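*Asks:* Let's have the full structure, built from the sequences with the hints guiding it.
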Amino acid sequence: MLALTLPVVAEQSVFELHIKDHLFQPSVLYVPAGEKMKLLVFNQDPSPEEFESFSLNREKVILGKGKATLFIGPLEPGKYEFFGEYNPDSAQGVLIALPEQEWLQHKAKHAD
Amino acid sequence: MKLYSKKAVIKALCFVCLGSSTLALADGRVVDKVYHPYVQPLERSFEYRYFYQRQADHPDNNAMGQKLGYGFSVAERAALEIYAIADRVSPEDYKLSGYELELRWMLTEQGQYSADWGMLFELERQNNQDNYEFTTGLLMEKEFGPTSLTLNALAVYEWGKTLDPEWESEFRAQYRYRWLPAVQPAIELYAGENYKGAGPSLMGVHKFDRQEQLKWELAVIVAIDNQTVDRTLRFALEYEF
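The listed protein sequences correspond, in order, to chains S and P. The working numbering puts the first residue of the first sequence at 1, with every later residue one more than the last. The working numbering puts the first residue of the second sequence at 113, with every later residue one more than the last.
Derived by calculation from the structure, the hints in this document are not laboratory data. Incorrect hints may appear among the rest.
Claimed, not checked - Facing chain S, a subset of chain P residues (Cβ under 7 Å, in silico):
no., residue
1, Pro-153
2, Leu-154
3, Gly-223
For clarity, every value in this text was computed on a predicted model and none was experimentally measured. C-beta atoms are modelled at their ideal positions from N, C-alpha and C, and glycine is treated no differently.
*Replies:* Here is the structure:
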């Protein structure tokens with residue numbers, strides 16, 4: 001098994017998601033495709049929430065007023081929907097993985 | 113950009129085949145759940161498992177077993193599950209054969225390293241024979257794009273009134289295609305004392321409401337050596353709430 005699990009030594013981009021009033025903020029999150037990244041999820045509500053996404057293959061409970069770290073990617077370019085399992089009607093969002101050129105343009109646009 | 117390599121998948125499958133051919137296995141039932149290395153806080157579940165194995169002229173012919181469990185997380189990364197076990201070996205009827213206490217411990221966050229790791233600890237008491245079995249080992253899962261490879265490498269220590277104390281080893285593997293939440297086909301491989309088997313499986317999850325979901329698994333495992341009972345059916349239901 002150890003042969004399959006050589007450590008990953010790469011600097012990871014960090015992105016943040018907040019949960020407030022059972023909503024994800026932002027509900028649309030742009031990230032670069034082809035990179036491993038860290039997603040910090042802050043739950044500002046007093047009740048727990050579960051970040052869940054079948055397409056990302058991630059499921060993580062975040063306790064009330066708590067924080068969770070998810071390790072995601074590398075992703076193919078595309079859309080990856082996620083939702084809060086405790087409040088699926090309101091807590092919904094999408095993560096959009098952009099190809100390199102589009103990601104650089106997106107970063108430049110939002111750096112202004 | 114290719115995000116996972118075919119070479120890595122082939123390497124992993126070769127490892128699985130190699131592992132299954134070199135490990136010795138256990139007296140108990142080898143075909144069972146392939147454990148994933150993940151634990152969620154606030155996790156609670158009822159679980160039902162069933163197996164049936166059949167082959168004419170085999171000493172382990174026509175045996176059935178059922179397990180009923182209740183599990184809950186005891187920490188952010190640890191979960192306990194308690195089971196009652198009933199077995200039936202034809203022509204006898206079902207009898208409550210034992211109890212089991214299981215602890216799963218998530219060692220790494222999913223995706224943090226190139227593979228995800230956990231540990232399993234199980235203590236089983238066979239109450240009709242006053243025998244015990246302690247199992248521990250590593251649980252590993254690795255993503256290859258839309259597929260996941262899960263490996264369980266377990267060490268088993270048996271002792272009791274009708275058992276000579278001994279260490280044995282078990283190996284379980286599952287290679288799963290995450291096609292749809294409700295339908296995820298896989299292949300499974302098991303190796304243990306006097307047992308080597310492999311076969312197709314199908315699993316999925318259905319969500320009912322907030323925090324309520326039903327996971328299901330079905331597998332048909334066939335012998336890959338002459339000592340193994342030829343056909344084993346494995347079925348499991350897990351209600352999480």
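*Asks:* Take the hints in turn and mark each one as holding or not.
*Replies:* Right, here's what the structure says about each hint:
With its C-beta approaching chain S no nearer than about 5 Å, Pro-153 (chain P) sits inside the 7 Å limit, and its interface hint holds. Annotation: interface hint on Leu-154 (chain P) holds; nearest CB of chain S at approximately 6 Å, less than 7 Å. Contact between Gly-223 (chain P) and chain S, as hinted, is supported at the beta carbon level, the nearest pair being about 3 Å apart and thus within 7 Å.
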